[in-house]
Amino acid sequence: MFTTFFILNFLLILQLTTGYEACYKIFGKLKCPTDEYRHGNVKVVLMDKDYLPWETDDEMGYNITDYKGNFEINGCGEDVGGWNCPDPYLQIIHRCPEKGHTVAIARRTKIIYLNQTHLPEVMHIDTALLD
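Counting with mature numbering (1 follows the signal peptide of the UniProt record, and there is no 0), you get residues -19 to -1, 1 to 112 for the letters of the sequence shown.
Don't read these hints as lab results, they were simulated from the structure.
Just to be clear, a hint being listed does not mean it is correct.
[To be verified] DSS-like mimics (lysine-lysine), calculated; alpha carbons at most 30 Å apart, straight line:
1) 30 - 6
2) 91 - 49
3) 6 - 49
4) 91 - 30
5) 80 - 10
6) 24 - 49
7) 6 - 91
8) 80 - 49
9) 30 - 10
10) 91 - 24
11) 10 - 24
12) 10 - 91
13) 80 - 24
14) 49 - 12
15) 24 - 6
16) 30 - 12
17) 49 - 30
18) 12 - 24
19) 12 - 91
20) 12 - 80
21) 91 - 80
22) 49 - 10
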């Protein structure tokens, strides 16, 4: 009886401490509709959303767009528990002016939530507008 209890507890602890890891590769393009030169040199960060209140979102990777707004980003994330897949999203930090303005004073952030398509599959983001 004690042996069975010990084995079940050991398996439960092992399941809780192991993590599920997934890697992602994303190609995409950004466009600033108000300034044709503001979609270059934009930081794109691949993040893993963590929903527990004591956790912060994890950075899985980042890259900078080229002068045309194209980017390629790779990264891996791991969440605790074998049932818990990483929840990827893109955090885009840019200075594209708002509609009706010609100058962006502060940095702005755009979030794009992604699906669970991990490697070997590659995600392609159609042109995303920075508005």
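Structure-based check of each hint:
Proposed proximity of residue 30 and residue 6 is supported: the alpha carbons are some 17 Å apart, at most 30 Å. Restraint check: the Cα-Cα separation between residue 91 and residue 49 comes to about 18 Å, which is no more than 30 Å; the hinted pair holds. For the hint linking residue 6 to residue 49, the alpha-carbon distance of about 19 Å falls within 30 Å, and the restraint holds. Simply put, residue 91 and residue 30 have alpha-carbon atoms about 15 Å apart, close enough for the 30 Å limit, and the pair holds.
Proximity of residue 80 to residue 10 is assessed by CA-CA distance (about 20 Å); at most 30 Å being required, the pair is judged to hold. As the CA atoms of residue 24 and residue 49 are separated by approximately 13 Å, the hinted pair is consistent with the 30 Å bound. At most 30 Å may separate the alpha-carbon atoms for a hinted pair to count; residue 6 and residue 91 meet this at roughly 19 Å. Restraint check: the Cα-Cα separation between residue 80 and residue 49 comes to about 20 Å, which is no more than 30 Å; the hinted pair holds.
A threshold of 30 Å between alpha carbons decides the hint, and for residue 30 with residue 10 the separation of about 22 Å falls inside it, so the pair holds. For the hint linking residue 91 to residue 24, the alpha-carbon distance of about 11 Å falls within 30 Å, and the restraint holds. The hinted pair formed by residue 10 and residue 24 meets the criterion: a straight-line CA distance of about 12 Å does not exceed 30 Å. About 14 Å separates the Cα atoms of residue 10 and residue 91, which keeps this hinted pair within 30 Å; it holds.
Proximity of residue 80 to residue 24 is assessed by CA-CA distance (about 21 Å); at most 30 Å being required, the pair is judged to hold. For the hint linking residue 49 to residue 12, the alpha-carbon distance of about 8 Å falls within 30 Å, and the restraint holds. Restraint check for residue 24 and residue 6: the C-alpha separation of about 16 Å stays at or below 30 Å, so the hint holds. Distance check on the hinted pair: residue 30 and residue 12 sit about 25 Å apart at the alpha-carbon level, within 30 Å; holds.
Distance check on the hinted pair: residue 49 and residue 30 sit about 28 Å apart at the alpha-carbon level, within 30 Å; holds. Our distance criterion of 30 Å between C-alpha atoms is met by residue 12 and residue 24, whose separation comes to about 13 Å. For the hint pairing residue 12 with residue 91, the CA-to-CA distance comes to about 12 Å; that is within 30 Å, so the pair holds. Distance restraint check for residue 12 and residue 80: the Cα-Cα separation of roughly 13 Å lies within the 30 Å cut-off, and the hinted pair is therefore satisfied.
At most 30 Å may separate the alpha-carbon atoms for a hinted pair to count; residue 91 and residue 80 meet this at roughly 15 Å. The hinted pair formed by residue 49 and residue 10 meets the criterion: a straight-line CA distance of about 8 Å does not exceed 30 Å.
Taken one by one, the earlier hints all hold for this structure without exception.
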